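Once you've looked at the hints, dock chain B against the given chain A.
First to last, the protein sequences are chains A and B. Heads up: the first sequence at position 109 corresponds to 109 in this note's numbering, and the numbers run straight through without jumps. Numbers in this note's numbering are just positions in the second sequence, counted from 1, shifted up by 216.
Please note that the accuracy of each hint is not assured.
[Said to hold, decoys possible] Which stretches of chain B does chain A cover? Using the computed rule of at least three CB atoms under 8 Å from a CB of chain A, they are: (1) 299–305; (2) 398–412; (3) 580–593; (4) 604–611.
If you are wondering where the hints come from, they were derived from the structure by calculation, not from laboratory data. Treat the numbers as computed from the prediction; the structure is a model and nothing was measured. Backbone N, C-alpha and C fix where the C-beta goes; we use that ideal spot for every residue, glycine too.
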Amino acid sequence: MSVEPFVFRTEARLVVLTGRRARNLPELLDQLTQVSGSCIFYHTHYLYLVQHFVKPRFYNDFANWASHSLQEERLAEQLAAIDLLAITSIRELRESIIATLRKHLERSPNMNRECRTGDEFHFCEAKSFIMTAGPAARDPAEFFEQIPKVSNACIHFHCFEARLRLEKTTNDFSQWLTAAGESSIAKKIDKLNPYAMTLDELKMSIAKLGRGHLRK
Amino acid sequence: MNASLLDYQEIVGKGVIDELRTIADRVNGRSLQNINSTAVGGGVAEILTRLVLMLQELGVSSTWDVIKGDQAFFNVTKALHNALHGKPEIITDEMLEIYRATTEMNLKIMQITGDVVLIHDPQPAGLIAFRKEVGKRWLWRCHIDVSQPQMQVWNFIRTYVQQYDAAIFSMPDFAQQLPIPQFRIAASIDPLSDKNKPLEKHCIEQVLEKYGIDSRRPILTQISRFDRLKDPLGVIEAYRLVRRRQDCQLVLAGGSAPDDPEGEAVLSEVHAAAAEDNDIHVLLLPPSSDLEINALVRGSTIVMQKSIREGFGLTVSEASWKKKPVIGGAVGGIKLQIIDGVTGFLVFSPEGAANRISQLLRDRRLRERMGENGYQHVRQNFLMTRHAKDYMLAMLALDHPGESVVNLW
Numbered sequence: 001m002s003v004e005p006f007v008f009r010t011e012a013r014l015v016v017l018t019g020r021r022a023r024n025l026p027e028l029l030d031q032l033t034q035v036s037g038s039c040i041f042y043h044t045h046y047l048y049l050v051q052h053f054v055k056p057r058f059y060n061d062f063a064n065w066a067s068h069s070l071q072e073e074r075l076a077e078q079l080a081a082i083d084l085l086a087i088t089s090i091r092e093l094r095e096s097i098i099a100t101l102r103k104h105l106e107r108s109p110n111m112n113r114e115c116r117t118g119d120e121f122h123f124c125e126a127k128s129f130i131m132t133a134g135p136a137a138r139d140p141a142e143f144f145e146q147i148p149k150v151s152n153a154c155i156h157f158h159c160f161e162a163r164l165r166l167e168k169t170t171n172d173f174s175q176w177l178t179a180a181g182e183s184s185i186a187k188k189i190d191k192l193n194p195y196a197m198t199l200d201e202l203k204m205s206i207a208k209l210g211r212g213h214l215r216k
Numbered sequence: 217m218n219a220s221l222l223d224y225q226e227i228v229g230k231g232v233i234d235e236l237r238t239i240a241d242r243v244n245g246r247s248l249q250n251i252n253s254t255a256v257g258g259g260v261a262e263i264l265t266r267l268v269l270m271l272q273e274l275g276v277s278s279t280w281d282v283i284k285g286d287q288a289f290f291n292v293t294k295a296l297h298n299a300l301h302g303k304p305e306i307i308t309d310e311m312l313e314i315y316r317a318t319t320e321m322n323l324k325i326m327q328i329t330g331d332v333v334l335i336h337d338p339q340p341a342g343l344i345a346f347r348k349e350v351g352k353r354w355l356w357r358c359h360i361d362v363s364q365p366q367m368q369v370w371n372f373i374r375t376y377v378q379q380y381d382a383a384i385f386s387m388p389d390f391a392q393q394l395p396i397p398q399f400r401i402a403a404s405i406d407p408l409s410d411k412n413k414p415l416e417k418h419c420i421e422q423v424l425e426k427y428g429i430d431s432r433r434p435i436l437t438q439i440s441r442f443d444r445l446k447d448p449l450g451v452i453e454a455y456r457l458v459r460r461r462q463d464c465q466l467v468l469a470g471g472s473a474p475d476d477p478e479g480e481a482v483l484s485e486v487h488a489a490a491a492e493d494n495d496i497h498v499l500l501l502p503p504s505s506d507l508e509i510n511a512l513v514r515g516s517t518i519v520m521q522k523s524i525r526e527g528f529g530l531t532v533s534e535a536s537w538k539k540k541p542v543i544g545g546a547v548g549g550i551k552l553q554i555i556d557g558v559t560g561f562l563v564f565s566p567e568g569a570a571n572r573i574s575q576l577l578r579d580r581r582l583r584e585r586m587g588e589n590g591y592q593h594v595r596q597n598f599l600m601t602r603h604a605k606d607y608m609l610a611m612l613a614l615d616h617p618g619e620s621v622v623n624l625w
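Chain A on its own, in the form it takes in the complex:
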């Protein structure tokens, strides 16, 4: 099947400060209804892109803040447990975070507890600069040959950014492989849970699936 070559993209990020902050959960909730989608994406995804020699307890900033600065451990676990893979848009993600927070506030007697001065939650967002990364792949063989060589930022862009921030129904790799007539391997890649592994692990998993597929 003839298909346009797959162009690998990578992204560089500049962190944008919104100047918005929260000292307690009602303020966090209020700000969550107002901040941009880019801000929601940043605080739930950027930690995946950071190379960790010490893995964070949660990859979700709201969860980390609730735990560290407000000692709201139950809420922190619930925020971190939001199933990002089941969510297909930032709007849906925002609603899910807000619903979790509202539910917690309804039953929490300490809803106005304030964090220590200097521990406020600061809302940020990213400005992503998307660039081409390496040669384009003309067929699945070339595609899988390239995968181990691309950067983690490239994997992040095609698996996280494209799916959720750009609201595609699947990751870019699966979309292209399906168009190239390789729907079985596309489905296998789509089934990988990128939130349950590091970007290095995700890259290796895709490469391994590719090697197995090409040997058939």
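Below, chain B without anything else, positioned relative to chain A:
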């Protein structure tokens, strides 16, 4: 010796350098003019010394100019600096007039040549008045902890800042309510500078011997300007608490900067507090002492940065890069650089610092583990290559206001 990109590639990897080159291509010939208030002393001058060269090698024409000012002006800007850090200062109309007059004088003698003008800190902030004449893109880079500023002073500086295209702060905590975009760009260290490059053991020994420091006994070191916001007296207090039970020496070493008129007074206070204790070494080092500072840190057991306010506190990254555990005040950029309990400890008081010093002095393995973690933390987040990338992205960002995703292919 000027390090080349290939030298940095050995430290950060080819992927990082390739990415820098790609972004530099997109900057597409536009030039960057840095302007600050001092050519030597302090973190800003140190960063610019190397960063300008790195950007040039990447093909981004980059220059650095310094504004002129007399002692009265720098007394005023030091007071403004302190007030922006939240320290109570009395700022009179006369002082603000001195600031305005020096700005006017600089407006007459400075040449604005860059396509993007990057103004560092409050001292030259008033140069934005040039904008009416020459146009260009203007960025204000704040290296100060402005999380709790004296509002009278922030409102004065704000009148200038809001005329810029964008402002840059080192941490989210420093962000302000402004009508212009704000970017976060953390400071960085140069791993190949004299202050940070690897040293032979005998060089370290030589420097310790020169200053009468015993390399066989534990050494606590704080490297910083003699500035009250760095709390050198608090460090001495912590050292004295530790010395009641454990043996150690204290090194307080730092330089002075022409734009910091308070240095001498603070140095006198430190000498008085150190009194006749021969194990406290107070070293006022000239600006050319980078190799000695490198050796002092490498020869140390624990490095301190017990600041009360801190714009960034690059000495933390410098120490972590040398695999030293760092104890720092939980303020400003120190919170970003020390992962509490992982690369060092964050403390809130001399007593807290003393407690952590004692713990680290007793546990060699903990010191080694924290040192290794700190090195990795700096390698990933606080090296100059990342700083160069962020400045280029900030230049590009000015062309794409309001866009969260920018296609550069």
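Status of the hints after comparison with the structure:
For the segment 299–305 of chain B, the stated coverage by chain A is not satisfied: 0 residues place a CB nearer than 8 Å to a CB of that chain, which falls below the threshold of 3. Under a criterion of three residues with beta carbons nearer than 8 Å to beta carbons of chain A, the stated coverage of the segment 398–412 of chain B is upheld, 4 such residues being counted. Note: the segment 580–593 of chain B has 3 residues with beta-carbon separation from chain A under 8 Å; the three-residue rule is met and the coverage holds. Restraint check on the segment 604–611 of chain B versus chain A: 4 residues with Cβ-Cβ distances below 8 Å, three needed, restraint holds.
The structure is inconsistent with hint 1 alone, although it conforms to all the rest.
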